[in-house]
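J.: Residue numbers (our numbering), protein chains in the order written: chain A, 1 to 113; chain B, 1001 to 1114.
Think of the hints as simulated: they come from the structure by calculation, not from any bench.
Any given hint could turn out to be false.
[What the hints assert, rightly or not] In silico EDC-like pairs for lysine to aspartate or glutamate, Cα to Cα no more than 16 Å straight-line: (1) Lys49/A with Glu1102/B; (2) Lys77/A with Glu15/A; (3) Lys52/A with Glu1102/B; (4) Lys49/A with Glu76/A; (5) Lys105/A with Glu8/A; (6) Lys68/A with Asp54/A; (7) Lys56/A with Glu76/A; (8) Lys1057/B with Asp2/A; (9) Lys52/A with Glu69/A.
[What the hints assert, rightly or not] A short, non-exhaustive set of chain A residues, derived as facing chain B with CB atoms under 10 Å: (10) Tyr25; (11) Thr28; (12) Ser32; (13) Tyr36; (14) Leu46; (15) Lys49; (16) Lys77; (17) Ala86; (18) Ala91; (19) Ser93; (20) Lys100; (21) Leu101; (22) Thr102; (23) Phe103.
Beta carbons are placed, not taken as given, at the ideal position from N, Cα and C, and that holds for glycine.
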Amino acid sequence: GDSVTQMEGPVTLSEEAFLTINCTYTATGYPSLFWYVQYPGEGLQLLLKATKADDKGSNKGFEATYRKETTSFHLEKGSVQVSDSAVYFCALSDTGANSKLTFGKGITLSVRP
Amino acid sequence: KAGVTQTPRYLIKTRGQQVTLSCSPISGHRSVSWYQQTPGQGLQFLFEYFSETQRNKGNFPGRFSGRQFSNSRSEMNVSTLELGDSALYLCASSWGTSGLTEQFFGPGTRLTVL
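Start from the sequences and build out the full structure, keeping to the hints where you can.
T.: Below is the structure:
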């Protein structure tokens, strides 16, 4: 079945540092790929998405490129802020007629001032 | 536009009891999905409803059930609660059922089973 693997956490960075969070997936067909963020005490918010190979999703300075050849969707940000501290989830969905999301384990990011 | 709302936000039950959680989707959204979030298992898909019909179901025992009403509001029920059912239950809504449509999540219901 479909699966998503994220790098182990937690990750602690200083403000303005470069961020990379690795995500690889296993799926049949051509899934859509997503990054969700969860702030303390809240539900998940969609951060960015990509629906086909070589698409780049971007939002709030975060970027991720859908790499079919390496089955990856790594999240990057050039300069993190304290307000980026949260849990980040990589996810995929089958582009067929259901919207079930398969999530990675999530990784906690803490950014120090 | 109001977001997805879930009630109650917190719930404490004892083993063997049953519980019902409620989700009101964003106005106009007809698809509602439910997820269980635990520290050990992460986020796991429970089921999806569209136009009052269950479209998809995750790998959970029959104690977990759900339904959707004609106004798209959804409820999930867990019977004969076990300690392992303690989790954050998240509801998500979208206008359609395709994997391409964006899902919007509610804040969740935190269930504690004692």
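J.: Give a verdict on every hint.
T.: Now for the hints, and whether the structure bears them out:
no.: 1; hint: Lys49/A with Glu1102/B; verdict: 9 Å, holds
no.: 2; hint: Lys77/A with Glu15/A; verdict: 12 Å, holds
no.: 3; hint: Lys52/A with Glu1102/B; verdict: 15 Å, holds
no.: 4; hint: Lys49/A with Glu76/A; verdict: 13 Å, holds
no.: 5; hint: Lys105/A with Glu8/A; verdict: 9 Å, holds
no.: 6; hint: Lys68/A with Asp54/A; verdict: 7 Å, holds
no.: 7; hint: Lys56/A with Glu76/A; verdict: 11 Å, holds
no.: 8; hint: Lys1057/B with Asp2/A; verdict: 15 Å, holds
no.: 9; hint: Lys52/A with Glu69/A; verdict: 12 Å, holds
no.: 10; hint: Tyr25; verdict: 13 Å, violated
no.: 11; hint: Thr28; verdict: 13 Å, violated
no.: 12; hint: Ser32; verdict: 5 Å, holds
no.: 13; hint: Tyr36; verdict: 8 Å, holds
no.: 14; hint: Leu46; verdict: 6 Å, holds
no.: 15; hint: Lys49; verdict: 7 Å, holds
no.: 16; hint: Lys77; verdict: 21 Å, violated
no.: 17; hint: Ala86; verdict: 14 Å, violated
no.: 18; hint: Ala91; verdict: 8 Å, holds
no.: 19; hint: Ser93; verdict: 3 Å, holds
no.: 20; hint: Lys100; verdict: 5 Å, holds
no.: 21; hint: Leu101; verdict: 7 Å, holds
no.: 22; hint: Thr102; verdict: 7 Å, holds
no.: 23; hint: Phe103; verdict: 4 Å, holds
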